[in-house]
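Protein chains in written order, with the numbering used here: chain A, 1 to 347; chain B, 348 to 653.
Honestly, the hints are just simulated from the structure, not real lab data. Every residue gets a Cβ at the ideal spot worked out from N, C-alpha and C, and that includes glycine. There could be a bad hint or two in this list.
Coverage of chain A stretches by chain B, computed from C-beta distances (three or more under 8 Å per stretch; other residues unrestricted) [as the list claims (entries may be wrong)]:
no.	region
1	54-65
2	219-225
3	249-257
4	272-280
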Amino acid sequence: MKHLLTATAFVLAIAGTASMAGTAHAEGKLSLYHWFEYIPQDLLDKFSKEYDVDVTMDTFDSNEALLASLKAGKLGSYDLAVPGDYMVDILRQEGMLDTFTAAEMPNLGNIEDQWLNVPFDQGRKSTIPYQWGSTSFSVNRDVYQGPIDTTDIVFNPPEELKGKINVLDTSGETLTLASLHLGIPQCTSDRTQLKALNDLVMNAKQYWASFGSDIAKDVLVSGDAAVGMIWSGFSAKARAEGANVEYAFPKQGYIVWMDNVALLKDAPNRDNALKFMNFLLEPENAAAVTNYANYSAGVKGVMPFLTPEVANSPESNPPKGQKGVFVQACPEEVQVMYDAIWTNLKK
Amino acid sequence: MAAGAPDGASSKSDIYAGNGPRLMLPVWVFIGLFLLLPVALMGVYSFLTKEFRGGVIWDFTLTAYDQFFLDRGLFGDDPAKIEWTYIGIFWRSIWQAGMATIMCLLIGFPTAWFIATRDAKTRSIWLFLITIPYWVNLLIRTVSMKFLIRDTGPLNEFLMWSGVINEPLGLINTNFAVQLGLFYSYLPFMVLPIYAAVERYDFSLSEAAADLYANVWTILRLVILPVVKPGIIAGCILVFVPSLGAFLAPDLLGGAKTFMIGSLIEEQFKGNAGNWPFGAAASMILLSIVMAVLLIYARSQTKGDK
């Protein structure tokens, strides 16, 4: 017994050493804090090789998790993070962003005009576009053949979809979609509207099989869920992995978002961070991310580098006339009510 | 040499004489730095004012505990009633952890008994086999369990193929799935202490009882159980306590539809809520419950010794 345990410890120790030895030594370093499953390893390797920089990456699974981690003392250990639109605003208010000059970012001109003067970063002083896309839901067409251009599918589903729905486990996106369903504004402090929102999700919960963000694609591919709230690119990936799913653009509206590469305050490797941002603004490299993640780049000249499936993906090409809205960051006195609704929902 | 031994012993006691406190220092530093300090910090945080989107403001207040125990309605201005939300979440967690502990005991006791009654060589192989799953990360094991029991997974497909059932069992995203996950995660914590207790058991006692016309159940109840009871209690604590704070199994196997203590606390630090004092307060309350259980156990033990 003792020998076996010693052997086990020995094997574990070797495995640990081996994995540490795997990181080669290079001139510079770059520390990245990124979403899970969002950047191809090839692209990181390419940057490492071209600039002789060691890239390390940690991942998070929601904008709030990113904020919590930076707030809990991680600021100063990462160079770059990839916050969504409203989180850029919050990070700036928290004083967590550094700024760069136009001279430091020669490729700034590559950004598509519509994404240059965005409300969350006028004129792009701290961030550059990473990818943009939408959040809505997908339906397994083997299970349900009816029309899906309505949020009723999630909140008031037809009989064959009841109990087969996965919703995202983030209150921001799920409650925003619920607000679109009701046609009420985001961050409302109107009590009748908030009560209606609370009643809607409390009633809809009986139709939902699970809450989960990182499993959003997996449950559709495996068939655990027939409807899943999901990000557009993840739905495209689910389709590519063989699930017969269609991504919906509901007439009540859907969520639009843009993830941005943000230069963090107290970045330990600021120069390399700027190099990496410029690198990501090269059309070829932006296209590599898009080909991997199935969203849209927000960078000019990516078209020639995109694979035809990605360029023409139905998930990235919403029908004309449907409205997409950004998630808003609510003020504190309103946010506590949304938090209370969320806790109420999961109690 | 015979004369040297007592000499050596006395010189040893000279070295240690009066050095007790100093030799305990590393232990105290370790406990202080990695146990007492974090718990104290958590205690202090639970009495602070929350900062919007995470963080604390250094104003002392009871708001976090007020939020835990008193219900002031969705908008916070109804007259205060007892808040059942969080008590309900705690109760559900205790129930889930309790069920997992019972399942572990039902399977773990016979397993430990079986292992302890093998001959010495095969015994170590059985123990080794029990520990093998622990080479794999808890997350991977929980996800694997999910793959196994999902509606389209091998378990259901096999049962439907063999004609035992016509419809999938619908195990995934249920409380039972959570209990199954906890049971699977912590089973060895039940087996090993019981094994240690059974191994010390003198089997001639069973024979003596049988000679005195005790049947199997009487032997188990009056002879075996009192001897192996410390092992069973230790096993139950080792399974119950980590199950109580678990959030992987509820998230992955239970579909995250309802908060457990662990996920409720996680949400306060990682989620939209960002209410650190409330998370700290919930942790302190959880800690108090666990401490109370352990204290009751410790007291019952010392009473038993008398």
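For each hint, the structure was consulted:
no.: 1; hint: 54-65; result: holds (count 3)
no.: 2; hint: 219-225; result: holds (count 3)
no.: 3; hint: 249-257; result: violated (count 0)
no.: 4; hint: 272-280; result: violated (count 0)
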